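Asker: I would like the entire structure built from these sequences, with the hints used as guidance.
Residues per chain are reported as follows:
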Amino acid sequence: AQKITQTQPGMFVQEKEAVTLDCTYDTSDQSYGLFWYKQPSSGEMIFLIYQGSYDEQNATEGRYSLNFQKARKSANLVISASQLGDSAMYFCAMRGMDSSYKLIFGSGTRLLVRP
Amino acid sequence: NAGVTQTPKFQVLKTGQSMTLQCAQDMNHEYMSWYRQDPGMGLRLIHYSVGAGITDQGEVPNGYNVSRSTTEDFPLRLLSAAPSQTSVYFCASSYPGQNTEAFFGQGTRLTVV
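Just so you know, the protein sequences line up as chains A and B, in that order.
The opening residue of the first sequence carries number 1 in this note's numbering; numbering runs sequentially from there.
The opening residue of the second sequence carries number 1 in this note's numbering; numbering runs sequentially from there.
Treat the hints with care, as some may be off.
What the hints assert, rightly or not - Facing chain A, according to a computed beta carbon distance under 10 Å, are these residues of chain B, among others:
1) Y31
2) Y35
3) G42
4) Y48
5) A92
6) P96
7) N99
8) A102
9) F103
As the list claims (entries may be wrong) - Estimated spans, in silico, between C-beta atoms of each pair:
10) A:S31 / B:D56: 33 to 39 Å
11) A:F47 / B:G63: 24 to 30 Å
12) A:S42 / B:L79: 28 to 34 Å
13) B:S80 / A:S80: 46 to 52 Å
14) A:P115 / B:I54: 35 to 41 Å
15) A:S31 / B:G63: 31 to 37 Å
16) A:F47 / B:P39: 30 to 36 Å
17) A:S31 / B:Q57: 21 to 27 Å
Calculated from the structure, these hints are not laboratory results.
Just so we're clear, the structure is a prediction, and the values are computed from it rather than from any experiment.
Glycine included, every Cβ here is placed at the ideal spot set by N, Cα and C.
Answerer: Structural data, given as structure tokens:
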């Protein structure tokens, strides 16, 4: 069975500093995709970044990067130069070879950026 | 750009009532799905559809029905609401595949009393 584990229920970071949000996954699929979503207090789900299991380079999108370590089955999100607007819930998710194309979500990490 | 539109945004139901959560997308996505979000549990798949006329059950389908008569619309029906269905519901759409980003609606906060 596929599983996503996010072990940090909540984190603080000082504005302008970098922060790493942890995500480990478990799957027997050879091919899969890893995603990070942001959920601000307004409730919507915002796509941040994607990493494919066969991608050799870590994905980057602006201030977001994904530290992908396939052997360790980890896909940590790194946010550089944190901003107050980064305060939100962050979810790691995975899509495997299941024909339902379902996204398996972790329980999330609540990030609070301090001024 | 409308993207994925969900209505209503908030709803309070009495136990035993039925209702339909509406979801529409204008991106011509074949794949649509419904998730529920409960505290501390992330999102869980209720039902999904890979195209018009094709639906299937997800992880937590009991108490919900869906249909897909058009590419654009994917309503979720609660047959007889129960307090355990109090949750935030998200509709999502995407192209099918492992590497495709899912676009989410703004969510519906449902309370069953």
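Asker: Next step is simple, just say for each hint if it's right about the structure.
Answerer: Against the structure, the hints come out as follows:
no. : hint                       : result
1   : Y31                        : 6 Å, holds
2   : Y35                        : 8 Å, holds
3   : G42                        : 3 Å, holds
4   : Y48                        : 6 Å, holds
5   : A92                        : 8 Å, holds
6   : P96                        : 5 Å, holds
7   : N99                        : 5 Å, holds
8   : A102                       : 6 Å, holds
9   : F103                       : 7 Å, holds
10  : A:S31 / B:D56: 33 to 39 Å  : 21 Å, violated
11  : A:F47 / B:G63: 24 to 30 Å  : 29 Å, holds
12  : A:S42 / B:L79: 28 to 34 Å  : 30 Å, holds
13  : B:S80 / A:S80: 46 to 52 Å  : 49 Å, holds
14  : A:P115 / B:I54: 35 to 41 Å : 50 Å, violated
15  : A:S31 / B:G63: 31 to 37 Å  : 33 Å, holds
16  : A:F47 / B:P39: 30 to 36 Å  : 22 Å, violated
17  : A:S31 / B:Q57: 21 to 27 Å  : 24 Å, holds
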